[in-house]
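Visitor: Now for the letters of each chain:
Protein chains: 2
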Amino acid sequence: MKHFTRRSFSSLATKGILGSALLGNLPMANAFTLSDKNKKLGIALVGLGSYSTYQLAPSLQETEHCYLAGIVTGTKEKESIWKEKYNIPKQSIYNYDNFDAIVKNDTIDIVYVALPNSMHADFCIRAAKAGKHVICEKPMAVSVAECDAIINACNENNVKLSVGYRMQSDPYTKEVKKFVKEKTFGDVLFVSSDAGYISKGNPDQWRLNKKLSGGGALMNMGVYAIQTSIYGTGQNPISVSAQEFSTRPDYFKDTDETITAQFKFENGAVAHMMTSHNANGNRLKVHCSDGWFQLDPAHSYGPISGITSNGNILEFPHKRQQALQMDDFSKHILTGSKNIAPGEMGKRDMIIVEAIYKSISEGGKEQKLSLGNLGVVS
Amino acid sequence: MKHFTRRSFSSLATKGILGSALLGNLPMANAFTLSDKNKKLGIALVGLGSYSTYQLAPSLQETEHCYLAGIVTGTKEKESIWKEKYNIPKQSIYNYDNFDAIVKNDTIDIVYVALPNSMHADFCIRAAKAGKHVICEKPMAVSVAECDAIINACNENNVKLSVGYRMQSDPYTKEVKKFVKEKTFGDVLFVSSDAGYISKGNPDQWRLNKKLSGGGALMNMGVYAIQTSIYGTGQNPISVSAQEFSTRPDYFKDTDETITAQFKFENGAVAHMMTSHNANGNRLKVHCSDGWFQLDPAHSYGPISGITSNGNILEFPHKRQQALQMDDFSKHILTGSKNIAPGEMGKRDMIIVEAIYKSISEGGKEQKLSLGNLGVVS
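Order-wise, the sequence lines are chains P and S. So for the first sequence, our numbering puts the first residue at 1; every next one is plus one. So for the second sequence, our numbering puts the first residue at 1; every next one is plus one.
Hints were generated in silico from the structure; no laboratory data involved. Treat the hints loosely; a few may be bogus.
One copy or two, either will do: identical chains are not told apart, so a pair holds if it fits within one copy or between any two.
Computed cross-link-like contacts, SDA-like style, restricted to lysine to any residue with a CA-CA straight-line distance of at most 20 Å [as the list claims (entries may be wrong)]:
| id | residue 1 | residue 2 |
| --- | --- | --- |
| 1 | Lys368 | Asn98 |
| 2 | Lys183 | Ile198 |
| 3 | Lys200 | Phe316 |
| 4 | Lys365 | Ser239 |
| 5 | Lys76 | Lys358 |
| 6 | Lys177 | Val103 |
| 7 | Lys365 | Ser246 |
The structure presented is a predicted model; accordingly, all values stated were derived computationally and were not measured.
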């Protein structure tokens, strides 16, 4: 439930979407009719790199419950380009220095932080302090401690938080979660996940700079394989072991190139994953007691492709995952519907990332995990 | 090249297949015309379990260069059944005690040992001492030392030796080896292999009895994943690490249930594999610098199914792999053609198996391997 602060109250009042919710303990869901275009939430994108440019901004042209309301960029020349292209009001354009003034901007409800990983915590916390709901791009941060700081800041400021796990909103993922939950193919026994691509030609990119990225393939693509391992089994792992492979140290000077990891689960399932900046991989295969299902590709921008052991081809209408994701989060804010990619999920994955790095540093030693149901959204 | 002993000489003379090879240093290939039905080599199957019953004997009805000439069984009642079904002469039926008398049987050229793993070495060595060529079912033995003993016995007795790696004769495997060798999709970067099935209902089978099997999933199905990892990269691994998972210790009392392993290769490729008696898996996926190819299923009795990143479906006429395998070995004996599954290949895989078990016993520690090109057949 959203708690009303002075700021959120006036923000909602401005949009004319205050209703009976204020009259008692009714959930916010009762206050809104989602079909009302006026109730679209305003999103400000922080960081106008390729992800914002080619994924988030185009997706925001397709969203039903939110729209591109502002930008935050460190590159002066991008301001006018975006202003013109997306008709963004001058007063909703910020740079990294004056960003905190966003607190006064009632047209911005959500701040989407799409900066290099090491900058996530700073801007998510500043956004929360400005009373804005937060979407933090994956990986959530560069350490568990930073994840905690983001979660705490959002809690303290009564704003909602989600992680940019677009796959959680994809219908193929939802189908996988349904198969697992309903035991459509029986008990999950073994999950195999790959997530990688071949990086070349640009050794100076931020993703290969540990100070900015916090890590290489694991922090970037590995998080997808961790996610698929978990929604492929429906549980958090109880232990992990991992190995690192380095074959192009001249290019990957600072960050991990290829990592394999193995997971144990309480329900007896076993998973192994591969992530790489030096090899392609885009697959989830789940072997169950009575059959199997597979996504390949499993986590690209789509359309995803799926098949099951009974010969069924999975087919769902394709929509930009980021549009679905931002709409899901907006609905969560507006109606109190489930937050399907909460901060706890991002923190959990970062706990696993840190355990993987620790296992590697200890020669592949198994690391016990005590995650309980942290971040598991059924 | 086959060296002529008194026994092999008289055996060939009996069949009327001696030719110019004896006149000088000409390879045996010159001595034979393979289309001549009379030159079929006689095979004796040792151990009439399900593999001999449902795979080897039916396959020997389809072979061109060998035929089912004898049986060796420890089960009296099987003698008459097989004698009648396959028209086997009484004098070519042996039990485990009188097996060594096979030395006098000129109708038997090859002995195929399809017994539980722990009995391979004994019977392969006895077959070699009887002057018979040897096919040893996979895994070759329960230790590297036993593999060496088999190889030595075959060398000392001038007989040929191959391991029952039927997949080496399958056209899909040959296509994979061609892709790798010709770099059809560029350099191999990452290989993922799974080989497993769900064992249930019979905890007392020999495969789950370590004294007879030498190990569980790894010794049985794992060898396929080791093989695909190697022909998927075209090289032997230079190191391996591994993990074991036990979720049904009540059923798998004595042998490994699920094992994952990771390989490094000299050429920079990385591979990971899974083998299990508690989960299905039957796949080889090879990611290269310019594309990928996949077999799924990759090592069942067929037909195998393959696809490549350019959308090509691999399609080869299906023939029983065991028939192809026994014909390949017979041609090797008859013509000096390449032995595509030599004893050294079986030994190499057992070195890897032992390294995997060692890694597991050392908490997943990487084990260096110094295999050179041992057992690599291009």
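Visitor: Can you tell me if Lys200 and Phe316 fall within 20 Å by alpha carbon in one copy, between copies, both or neither?
Guide: Answer is neither: 33 Å inside a copy and 36 Å across each miss the 20 Å cutoff.
Visitor: If the cut is 20 Å between Cα atoms, do Lys365 and Ser246 qualify within a copy, between copies, both or neither?
Guide: both (19 Å within a copy, 17 Å between copies)
Visitor: At most 20 Å between C-alpha atoms: does Lys76 with Lys358 qualify within a copy, between copies, both, or neither?
Guide: This pair counts as neither: shortest intra-copy Cα distance 40 Å, inter-copy 59 Å.
Visitor: Within, between, both or neither: how does the pair Lys368, Asn98 come out at a Cα-Cα threshold of 20 Å?
Guide: neither (44 Å within a copy, 55 Å between copies)
Visitor: Within a copy, between copies, both or neither: which one fits Lys177 and Val103 at a CA-CA cutoff of 20 Å?
Guide: neither (38 Å within a copy, 62 Å between copies)
Visitor: If the cut is 20 Å between Cα atoms, do Lys365 and Ser239 qualify within a copy, between copies, both or neither?
Guide: both (10 Å within a copy, 16 Å between copies)
Visitor: Is it within, between, both, or neither for Lys183 and Ile198, if the alpha carbons may be no more than 20 Å apart?
Guide: Cα proximity of Lys183 and Ile198: across copies only (17 Å, versus 35 Å in one copy).
This entry does not satisfy hints 1, 3, 5 and 6, going by the numbered hints stated previously.
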